[in-house]
Structures are given as structure tokens and as C-alpha cells.
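First to last, the protein sequences are chains A and B.
Each residue of the first sequence is one higher than the one before, starting from 1 at the first, in UniProt numbering.
Each residue of the second sequence is one higher than the one before, starting from 1 at the first, in UniProt numbering.
Honestly, the hints are just simulated from the structure, not real lab data.
Only a predicted model underlies this, so the values are computations on that prediction, with no experimental measurement involved.
It cannot be assumed that every hint is accurate.
Footprint (simulated), chain A over chain B, 3 or more residues, beta carbon under 8 Å [as the list claims (entries may be wrong)]:
1) 61–73
2) 133–144
3) 156–164
Backbone N, C-alpha and C fix where the C-beta goes; we use that ideal spot for every residue, glycine too.
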Amino acid sequence: MDYKHEKLFEEKVFKDPVHRYIHVRDKVIWDVIGTREFQRLRRIRQLGTTYLVFHGAEHSRFQHSLGVYEIVRRIIDDGFSGQKEWNGEERLLTLCAALLHDLGHGPFSHAFEKVFALDHEKFTQDILTGDTEVNKVLRRVSPDFPQKIADVIGKTYPDKLVVSLISSQIDADRMDYLQRDAYYTGVSYGHFDMERILRVMRPAEEQVVIKFSGMHAVEDYIMSRYQMYWQVYFHPVSRSAEVILMKILHRARHLHNSGYKFTYEPVQFTSFFDRTFGLKEYISLDEGVLMTYFQWWRNEKDEVLADLCDRFLNRRLFQYAEFDPATEYRKIGELEKLFKEAGIDPEYYLVTDSSSDLPYDFYRPGEENERVPIYLQMPSGELRELSRSSEIVDAISGKRRTDHKIYFPEDLLAAKRDENPLYDKILRMLKG
Amino acid sequence: MLQEHAKIVQFIALANEVNGRKKLQKMIYIAKKMDFPFAEKYELHMYGPYSEELTLRVEELCEMGFLAERCEDKGSYVQYSYNVTEEGERFVEMAESPHARLSDLLSRLNGKSSRFLELVSTLLYFDYLPKDEQIAKVHIVKNKLNFSEDEMNDAFAFIAELPTCSTVS
């Protein structure tokens, strides 16, 4: 039997708290899971700094990746298999894309990406097509197989139905992370009837559509997503930790670029500071490496770096205040001046941050929108955009909510407010 | 602080006005590809490279009153145009000046149709590929737009003449 169709002697299962069991029969899938690049995902948390707020949120991208694979496996094997709109030849490709869609995430994903202007999706594609263990496994299927998976992840694969299973407004990625993140954070939001959604998913020419009778299950999914964003993902304390994390990396880069002699040379970061890194350097990073450096840098002579690392490790986070950029942008300028006068570098200790989410959006004919909507398949076979049938979804469609905050070290300012009137003035400006 | 917001306001101020959300998306993407320092992250969407972050930033700038959005019914479609308000002009006074070459780039981009910029930006999205593969990719992801060979040639010629951030005047 060729490698593409080779099955394991007996089915392997991973015990999973969200999906009960992850089932693996394909030899390719089993071999991919064993590669060093996939195992690295065990050392990258799914929710970055959220564990500093919800202590249970220590789960990894490894778990999530298996979860997305399992959802797609159920959709294909239990739902789409044998239906004329579904091309059975795409099965293994779709499973691999589901399993590997987050392969390129770096430590503390989004914070690290922002500081070094990286793109995890590009790294996912590079790991798939580069000189890696996972590439060697995938090439055994066919020489162009790694590139095909990279195309699905990059959304440039010709079969849009395959792409939509991994990336759309109702995809396996979102269905797994909402449930998994709800489970590990312990919140009661994020739950919806996934079994029902899987039963009403139908393959169509360019995307997955939902049988009309499943509309209420989809409403529940969209509301879950809305609540998880505001209750968990945008939690201001978790954002505060992320702000400090980014400032640590900014400071370390600044010190390196200005010739500072570190007591503990940041060997694994220098190629990032100099922008000479390659795939090897990227893959060698994980959250354990970052945390080790933070421990060392806590004892550096540079007071800013040492303080920021200590804050992150010991959860001495920045306080936050609401901020309206439209009316208060001048205030930021004034605060920056006051911080400098008070001897506190505003570059590292005064930070504005915005969170924003659009729970669901749809393409309105004639408008220049970019999101592919969710379609309901009506009894007549006609496809109808979800918000035209659902009043609940219609009520939140296209409605973006944005929240602006300003972060600052209240503890530092409060400790010296009596001896330095500037500190008191800053605190009164920030806290109102 | 708010530097990334200021860069978008400066960009639109230099253009005087940008007609179309899609056009603004593609113009910033092309500027970014020419190494001008824009931070917005792009992915491939329906109309080519698209940045959710840019959409958000523009919405915020409109809410803040620094940009004015005008909606025009063009019959078969609706077009949104953007220009800088007086408050927006005061806001960018706080920011660093834009790069000297940016207005040159803008004058070349703003005169082009959004269809053409969609083609240019999508070709640039695949600029790591050899030319024939770049063209093949555009035909796959833009199969409904049926770009002609002449349009492809024009787009490649246009890209070759674009000034980059580091181009010497």
C-alpha cells in the first residue's frame, strides 16, 4: 500500500478533555505528530499570557492542533465522505492542514510576532516546505504534498472548500479553541453544541454551508465567540502582562543594538535583534527559552530590563485606566513629558493598547467587505446569508466593539508620590 | 504613542483623498512592500492582500474624528472615500514626518483603478515565486477576475518602476 493510504496496524488514540478521544488511523498523521517541529508545539501555550489571569490556561498549541485535526476528521469521515460535492482525494491533505495549521507559532505567539515583525503563517509554510523533519515525512506522500498543505494554510489552494474547513467564520480552528480555552480557563462561556453543528455542515462548491435547521446551534457558537473575546482573550490584566513581555523584548533589542554587554549573552535572540535569523533559529525558540532568559535578565545591571523581567515573572503587572484617544491624545503627549521629567522612561512604562472584535460580518452586495459569510442551506437548496434569517446574528453583525486602555506602573508611582510631587501629578492625571 | 494611527492619517493627507476601502487597503500594502514603515499585518482574502488591522485602524480614526468617511452610491456598488479632518491635521502635527519618497509612490498609486491595484498587490504577495508561478497563482486565487495578458504585463512594468523607501531621489 502506498504511504498516502497506509493505515496503522491498530488505531491510536489520544485522551482529550474536550473531544474525549483524538483518533488516528493514518500512518502519515502518526508520523507527523512524532516530528520535532510538531512536538515543539507542546512548549508553546495556546493563550500566551492568559495563565497569569486564569491559572488553568496552561494548555498548549499541541493540544489545540490535535483538536482541530479531530474536528476536521469527524467532518470528513462522518459527514462529507461519499457526498458528491466532496472530493475524497483531498482527505489526507485536509487532515494534515488541520493538524499543522499552527506549526509556525512562536513563543507567546502574537507578542513575539509584533516585536520582531514576524508572521507565524509564513513560518508555518516555511517549516512545511523547508529542511525539516515534518517536510521529510510529508514528501513521502508526494514531492508536492508539503507545498499543497502550505497553499491550504495560505488560502491559495484551488479547492476553496478545503480552505474553508481550516479558515472561515465557522471553521474547525475556531470550534476547537473556543471550547478548549473555555475548558482550561474554567469560564462558563465558550460552550456550544458542536456535535449538532457537525451534523448540519454540508459541503458546497466553495465553502462549508449549514443546513437551515442548524441555525440556532450556529447562533450559539457566534455568541460564545463574542463572549470569549471580551471575557478571556481581551482581559485587561492578561493584556498588561503582554505589554510588559513586549517591552522586555524591545528593551533587550535596544540594549543589544546599542552595544550593551549582557551578563548573560542573549545568544538565541541575537539573530532576531539583527534580523539575520533563519528557520533553524526560529524553531529553536520556545516559551521555556524566553522564561529562562527572563530569569537571567532579572539580574542584569540595566534597571529597566531587570525591572520588567521581575514584573513579568512575579506578576507585578502594570495598572490600567480607560483612555479615549479621540479626546485624550494630547494628554498622552503631556504624560510622556511628565514621565521623562520624573525620570521614568515612557517608552517602557507608559503604553496604550487597543482591543477590538467584530463577532460576525458578512459581505453586503456592492460593499467592499472581505469576509466570507456563513450561508444557510434552505429547504429549497437556495443559500441564504445567516444574518438574513437570524435576528440574533443580525443584531451583532458588522458591529465592532473597541476598547482603549493605557497601562502604567502604579506601584512605582504610588510608592514615591509623597516625596515627588510629579509622581502625584501623574497619578492624578491617569486615575482621574 | 498612536504613531501607527498617525502614519495612516499622514498617508491619506498626502493623497488628499482615497476613494474606496479596497483601494486604500491595496495602496498601504504596496507601500509596505516597498519598505515604507507600516505595521499593519496582511493576509490573503477575497480581493487580494487584506489587513483586518488596517480596517480597524481606519474605523478608529473615523470614530476619533481624525478621518472623514464619505459613502457614495455608485449604482451597482457603494464606495467609501476618506479624507483628513482639521482635527486630524492637528493630530499628525505630533507625529514624525512621513518619508520623503512616500508622496512620489502615492501619486503613482492613487491614479490607478482598484482592479489594477488588486492585481499589483496580489502579484507582490507572491513575489517570492518565479514570474510564471506568480501569474499562475494570481489566476488561481483571482479566477473570477480573468486578468488578461496585457493587464499582467502592465502590472509587472508598473511594479518595476515603483519607488522603494530606500530609493535615492
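(request) Return the numbers of the hints above that this structure violates; sort them in rising order. (result) The structure breaks only hint 3.
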